[in-house]
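Construct the entire structure; sequences and hints are all you get.
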Amino acid sequence: MIKVEALAKSYGNIQAVINLDLQIAKGEIYGLLGPNGAGKTSTIRMLTILTLPTDGKAFINGYDVTRDLAKVKKEIGVVPQHLNLDEQLTAWENLELHGRLHKMPRIERHQRIEELLEYVELSGRRSDLTSSFSGGMKRRLMIAKALMHRPAVLFLDEPTAGLDPQTRRKIWDLIRSMNAEGMTVLLTTHYIEEADILCHRIGIMDRGRLIALGTPQELKQKVGEVVLEIVNQGDTDYKFFNNREEAIHFAAKLEKNIFIRESNLEDVFIELTGRKVGDE
Amino acid sequence: MQFVDTYTVFWREMLVLKRSFWKFISSVLIGPLLYLVAFGWGLGRSIQMDGSSYMDFVVPGIIVLTAMTTSFNGVGVYINISKLYYHTLEEYQISPISAFSYTLGKILAGCVRGLISAVLILVLGYIFGTRISIGVFFFLIIFLTCFLFSALGLIIGLVAKSHEDMGNFASYVILPMAFLSGTFFSLDKLPKIIAYLIELLPLTHSSYSLRTLAFNGELPWISIAVLTGYTVVLFALGVVVVQRVR
Chain A
1 MIKVEALAKS YGNIQAVINL DLQIAKGEIY GLLGPNGAGK TSTIRMLTIL
51 TLPTDGKAFI NGYDVTRDLA KVKKEIGVVP QHLNLDEQLT AWENLELHGR
101 LHKMPRIERH QRIEELLEYV ELSGRRSDLT SSFSGGMKRR LMIAKALMHR
151 PAVLFLDEPT AGLDPQTRRK IWDLIRSMNA EGMTVLLTTH YIEEADILCH
201 RIGIMDRGRL IALGTPQELK QKVGEVVLEI VNQGDTDYKF FNNREEAIHF
251 AAKLEKNIFI RESNLEDVFI ELTGRKVGDE
Chain B
1001 MQFVDTYTVF WREMLVLKRS FWKFISSVLI GPLLYLVAFG WGLGRSIQMD
1051 GSSYMDFVVP GIIVLTAMTT SFNGVGVYIN ISKLYYHTLE EYQISPISAF
1101 SYTLGKILAG CVRGLISAVL ILVLGYIFGT RISIGVFFFL IIFLTCFLFS
1151 ALGLIIGLVA KSHEDMGNFA SYVILPMAFL SGTFFSLDKL PKIIAYLIEL
1201 LPLTHSSYSL RTLAFNGELP WISIAVLTGY TVVLFALGVV VVQRVR
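Heads up: the protein sequence lines correspond to chains A and B, in order. Residues 1 to 280 in the working numbering are what the first sequence lists, from first letter to last. Residues 1001 to 1246 in the working numbering are what the second sequence lists, from first letter to last.
Among the clues, some could well be false.
Listed below are the simulated BS3-like cross-link pairs for lysine-lysine, each with C-alpha atoms no more than 30 Å apart in a straight line [stated by the list, open to error]:
(1) A:K239 <-> A:K222
(2) B:K1083 <-> B:K1023
(3) A:K57 <-> A:K71
(4) A:K239 <-> A:K3
(5) A:K57 <-> B:K1018
(6) A:K3 <-> A:K71
(7) A:K103 <-> A:K71
(8) B:K1083 <-> A:K103
(9) A:K74 <-> B:K1083
(10) A:K26 <-> A:K3
(11) A:K222 <-> A:K253
(12) B:K1189 <-> A:K103
(13) B:K1192 <-> A:K57
(14) B:K1018 <-> B:K1083
(15) A:K26 <-> A:K57
(16) A:K170 <-> A:K239
(17) B:K1083 <-> A:K71
One-sided excerpt, in silico: chain B residues whose CB lies under 8 Å from chain A [as the list claims (entries may be wrong)]:
(18) R1012
(19) L1015
(20) R1019
(21) F1021
(22) Y1086
(23) H1087
(24) T1088
(25) I1094
(26) S1095
(27) A1099
(28) D1188
(29) L1190
(30) E1218
Calculated from the structure, these hints are not laboratory results. Even for Gly, the Cβ is constructed at its ideal location relative to N, Cα and C.
Given below as structure tokens:
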């Protein structure tokens, strides 16, 4: 469904994305995880034709993102990181504009608007200007807008950034239900929990490069499924083990404060890069 | 299909215009009203221009000036904001519509704004005692003026990297053009070399041709041709800029 070959993007001397290869299958939820500035948004912008690659190739459903623009536009739905609703229009008008721009017939367009407003629980606010919406409502409407023309692939760039936990879970449910209907989803996030819960496969990006790829379980196995935290005068060292028994055996020899837990994607990221996901 | 897309872009603009109609009217009226009071009623009472009142002379100038600023700002400022702050331009970039349709839709919406403002000035001028001739070509010239300055607004709105850049363009290009293009005075009074330079500006041809028609003069073909030329070039340039914006 999505194929990326040696994709690169530079802004002057800054290399935002370096030699990126990806293959994402139909019906997959694929997450790009990484800190700010890792190249996630640049990757999404290239795949959604908002910016041109400096080098390499990318295909959506077989269509080249630099050549087959009209065909790519029909295949994709995009929810960018920043809010992009037309705040001078109502919720209904935002969806109507999107449907018209995608040349949907009138009856189908109006049925779809009703369906989507119901789906994102905004039916009661259809006639309100979106400038009066909360952040969570705007984000939900942005998802509805991206789904309006029934795209095959949905791109979500940091879909829950800045949202409260309740709204975040609501959006996770939306993503899961869209995927259950067969939609391919590529999302970027710097929330570990989000990537872990939602994604079938995760690519970890750092400084423009894809440094690891696999299912959440595979990535954890890569560093060790159990982590031993050794607290030593304010500093914490991390040691990874394949199972709890190995960790307990090792800890028995230590006379320090220790804590044994299952590893998570944050551990994977720190082990691979030496930095936390939230670091710049 | 291209014209359906053009209509979609135009439809969105008209929705917004309808919603803020009275705000738009009041903001459009304030400047010209001041010009009419200051230059028409105040300063103009003691001036005669080629046998007619200064008020009659200045009204066509104020019409094209207002059409220019309303069209330029109505397209340029909104596009610049939508690109830099609201990111709503992306909606069109990722939609399957052509740069031609987008450009034409935005420019036609700018023309509607410009034409409404021009009609308002005509009505105001009438209230202030102006009696000038109005015909089909009179409105054609206003339409061409609106079209070319909407196109210019679209280009500058997309090219400007900040809102400050937009303001600078308005200060260095639009404002001087508003005052120098024969809007408030006849170019005959200027040194020839400066008059020739000013004749390169599109608004000069707008104000000259509108004034000629207002006083039942001969159809100013050369000025109409110049305005048409500017319109075609700026529209084509607008389409190219829309295609390239990323």
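For each hint given before, does the structure comply? Return the numbers of the non-compliant ones in rising order.
4, 5, 12, 13, 16, 21, 27, 28, 29, 30
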